[in-house]
Amino acid sequence: MRSIKHGLRAVIMLVPLFLAACGTPIPKYQPTPDEKVTSVKLFGWGEPYMCRMGKLYELTVQEENGTRRTTLPTGARVGLVNFITVQGYQVVSRCTARASVIPRDGINLIVNGVLPEAGKCGLDVVREDASKETGVSMEPSLGGPAC
Amino acid sequence: MFYRLATLAACLSLTACATSYQSGAGSLTGGHYERQGPGKLELVEFYGNGYTSLALAEQYATYRCAEVAQAKGKPYFIMYDTLNNAARDIPSFRPLVGSIQNKPHAVSFVLLLDSPRRGALETKNVLADLKQVIETSQEKKS
Chain A
1 MRSIKHGLRA
11 VIMLVPLFLA
21 ACGTPIPKYQ
31 PTPDEKVTSV
41 KLFGWGEPYM
51 CRMGKLYELT
61 VQEENGTRRT
71 TLPTGARVGL
81 VNFITVQGYQ
91 VVSRCTARAS
101 VIPRDGINLI
111 VNGVLPEAGK
121 CGLDVVREDA
131 SKETGVSMEP
141 SLGGPAC
Chain B
148 MFYRLATLAA
158 CLSLTACATS
168 YQSGAGSLTG
178 GHYERQGPGK
188 LELVEFYGNG
198 YTSLALAEQY
208 ATYRCAEVAQ
218 AKGKPYFIMY
228 DTLNNAARDI
238 PSFRPLVGSI
248 QNKPHAVSFV
258 LLLDSPRRGA
268 LETKNVLADL
278 KQVIETSQEK
288 KS
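Protein chains in written order, with this note's numbering: chain A, 1 to 147; chain B, 148 to 289.
Only chain B is shown next, with the shape it has when bound in the complex (with noise of 0.2 Å):
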């Protein structure tokens, strides 16, 4: 008995130990960043820690972008993978994602519209898709 409360216990503390939707600023495990440019772009970035996996940096990267085009008040925006991508303006649906000894990240580089064009997200709709997996997140870090 000891020892099944003992593996559950470890369990719930490593999944609790990863990454949450948050800012990165001054955090130590990792979070969202964003900054103006290059260009007419914005650059959003997500890192996460150890426990994190690929796929949620990945999702947090992209309802963060969502969440910057919101602030801005725009309906629509474009994720491009690359800058060269941008420069060619080849739109991605997706993040680039990757990982460095084993801690993922997730980087966009992000063009924010007014209206729809080929290769654009909507803005509410990706807030919408992915709300659940930001509200677990919440959850769990409360």
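Next comes chain A alone, as it looks inside the complex (with noise of 0.2 Å):
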């Protein structure tokens, strides 16, 4: 009796170890010195991850006169991933949003992440376009999940 609970004891310890080391950390997208990159626009909800060739990474985000900005490389198709976390009293709410680009050289995006309605949350991806009335064009490279 007093080996099973022993036993017990081992395995209840072991439990979190083996759930820590389970957690692989996702790396945060560092460019190389030469790769090129795109400026982006962060607007509502959520924070972003990026797929590229089936890695996820954590895009760092930058605040600059109440605006959050990250940056993508440009030239091939990437994913972008927005998870949306809404803590309220004593119930967590997630969703998670994906969509994917071909950032291009000299044209900045807007990412904006639409907050959650019955489970379901959007991300909607514009070009900056200063020659458009609203200041924003369709992204033509807009396309579903690429991870």
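Derived from the structure by calculation, the hints contain no laboratory data.
Check the hints yourself; a few may be wrong.
[Claimed, not checked] Coverage of chain A stretches by chain B, computed from C-beta distances (three or more under 8 Å per stretch; other residues unrestricted): (1) 97–110; (2) 133–145.
[As the list claims (entries may be wrong)] Per label pair, the in silico range of CB-to-CB distance: (3) B:A267 / A:S131: 17 to 27 Å; (4) A:K28 / B:K287: 42 to 52 Å; (5) A:A130 / B:R182: 36 to 46 Å; (6) B:K271 / A:D105: 37 to 47 Å; (7) B:C164 / A:D105: 51 to 61 Å; (8) B:R265 / A:G66: 30 to 40 Å; (9) A:Q62 / B:G173: 23 to 33 Å; (10) A:E63 / B:L175: 18 to 28 Å; (11) B:C164 / A:E133: 34 to 44 Å; (12) B:V280 / A:T24: 49 to 59 Å.
[Stated by the list, open to error] The calculated DMTMM-like cross-link candidates involving lysine to aspartate or glutamate, where the alpha carbons are at most 25 Å apart (straight line), are: (13) B:K250 / A:E47; (14) B:K271 / A:E133; (15) B:K187 / A:E133; (16) A:K41 / A:E58; (17) A:K132 / B:E181; (18) B:K250 / B:E214; (19) A:K132 / B:E269; (20) B:K187 / B:E269; (21) A:K36 / A:E64; (22) B:K219 / A:E128; (23) B:K187 / A:D105; (24) A:K41 / B:D228; (25) B:K221 / A:E133; (26) A:K41 / B:E181; (27) A:K120 / B:E205; (28) A:K132 / B:D261; (29) B:K221 / A:E128; (30) B:K187 / A:E63; (31) B:K221 / A:D129; (32) B:K187 / A:E128; (33) B:K219 / A:E133; (34) B:K287 / B:E214; (35) B:K219 / A:D105; (36) A:K120 / B:D228; (37) A:K41 / B:D236; (38) A:K132 / B:E286.
Cβ coordinates follow ideal geometry from the N, Cα and C atoms, glycine included.
Now that you have both chains on their own, put them together as the hints suggest.
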């Protein structure tokens, strides 16, 4: 009976260790010095991640004059993943939105994390376009999840 | 008699708890927020608490859009419910309304205009149409 108790204790102690080992941290995207990137303004909800060649990266977000910005590598399709977490009283709602784009040199993008509705949430991706009355235009490369 | 009064008091206190028309800055129960951008648009939002209806959040957000237009001297404005629709120039006559954890929110991307065009709302008309709703909110607050 005593050995069972000891065994159970050992298992309980080992479980958090196993769980910690499984949680591999998501790497932060760091562009290489020769890599071309474009600026992305972030609006709305969520924390942005990028998926490239099957690997998920956390995007570094910088805030300047109330506007959040990040960068994306240009020239190839990248997946955008937006994780939204809303914490309420004893309730946490989570939602993930996915899209993909091909960022281009000299074309700045705007990403808007749309609020969750009935468990769903969205991701708007447009171009900054000063020639338009609204200042934004459609991003032609916008596509579905790419990871 | 006591129970009737208690029920009435409870109902009144619950009604009083709904988010009134107010700035959300520094408010615990929500309110309206606005900021410039993205692009040439203004982002207007309203967050209510659990006692605020979706319809009321929508009306408050619409009224705030008109107030933002008025403050900038623009007689007309266009609302877009999403950024993608703003990029496609597909106007909406109401904000995007939803709820998170039973709390309503309304959001609109607003284009301020000097002259009318397709999908535009007249600032003074919106302010006049929703004046009663806002006044009722202010009366409850006071």
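Structure-based check of each hint:
no.: 1; hint: 97–110; result: violated (count 1)
no.: 2; hint: 133–145; result: holds (count 7)
no.: 3; hint: B:A267 / A:S131: 17 to 27 Å; result: holds, 20 Å
no.: 4; hint: A:K28 / B:K287: 42 to 52 Å; result: holds, 48 Å
no.: 5; hint: A:A130 / B:R182: 36 to 46 Å; result: violated, 19 Å
no.: 6; hint: B:K271 / A:D105: 37 to 47 Å; result: holds, 45 Å
no.: 7; hint: B:C164 / A:D105: 51 to 61 Å; result: holds, 52 Å
no.: 8; hint: B:R265 / A:G66: 30 to 40 Å; result: holds, 31 Å
no.: 9; hint: A:Q62 / B:G173: 23 to 33 Å; result: holds, 25 Å
no.: 10; hint: A:E63 / B:L175: 18 to 28 Å; result: holds, 24 Å
no.: 11; hint: B:C164 / A:E133: 34 to 44 Å; result: holds, 41 Å
no.: 12; hint: B:V280 / A:T24: 49 to 59 Å; result: holds, 52 Å
no.: 13; hint: B:K250 / A:E47; result: holds, 21 Å
no.: 14; hint: B:K271 / A:E133; result: holds, 22 Å
no.: 15; hint: B:K187 / A:E133; result: holds, 7 Å
no.: 16; hint: A:K41 / A:E58; result: holds, 15 Å
no.: 17; hint: A:K132 / B:E181; result: holds, 22 Å
no.: 18; hint: B:K250 / B:E214; result: holds, 23 Å
no.: 19; hint: A:K132 / B:E269; result: holds, 22 Å
no.: 20; hint: B:K187 / B:E269; result: holds, 19 Å
no.: 21; hint: A:K36 / A:E64; result: holds, 21 Å
no.: 22; hint: B:K219 / A:E128; result: holds, 23 Å
no.: 23; hint: B:K187 / A:D105; result: holds, 22 Å
no.: 24; hint: A:K41 / B:D228; result: holds, 19 Å
no.: 25; hint: B:K221 / A:E133; result: holds, 15 Å
no.: 26; hint: A:K41 / B:E181; result: holds, 17 Å
no.: 27; hint: A:K120 / B:E205; result: holds, 20 Å
no.: 28; hint: A:K132 / B:D261; result: holds, 16 Å
no.: 29; hint: B:K221 / A:E128; result: holds, 23 Å
no.: 30; hint: B:K187 / A:E63; result: holds, 19 Å
no.: 31; hint: B:K221 / A:D129; result: holds, 22 Å
no.: 32; hint: B:K187 / A:E128; result: holds, 9 Å
no.: 33; hint: B:K219 / A:E133; result: holds, 17 Å
no.: 34; hint: B:K287 / B:E214; result: holds, 21 Å
no.: 35; hint: B:K219 / A:D105; result: violated, 35 Å
no.: 36; hint: A:K120 / B:D228; result: holds, 16 Å
no.: 37; hint: A:K41 / B:D236; result: holds, 20 Å
no.: 38; hint: A:K132 / B:E286; result: violated, 42 Å
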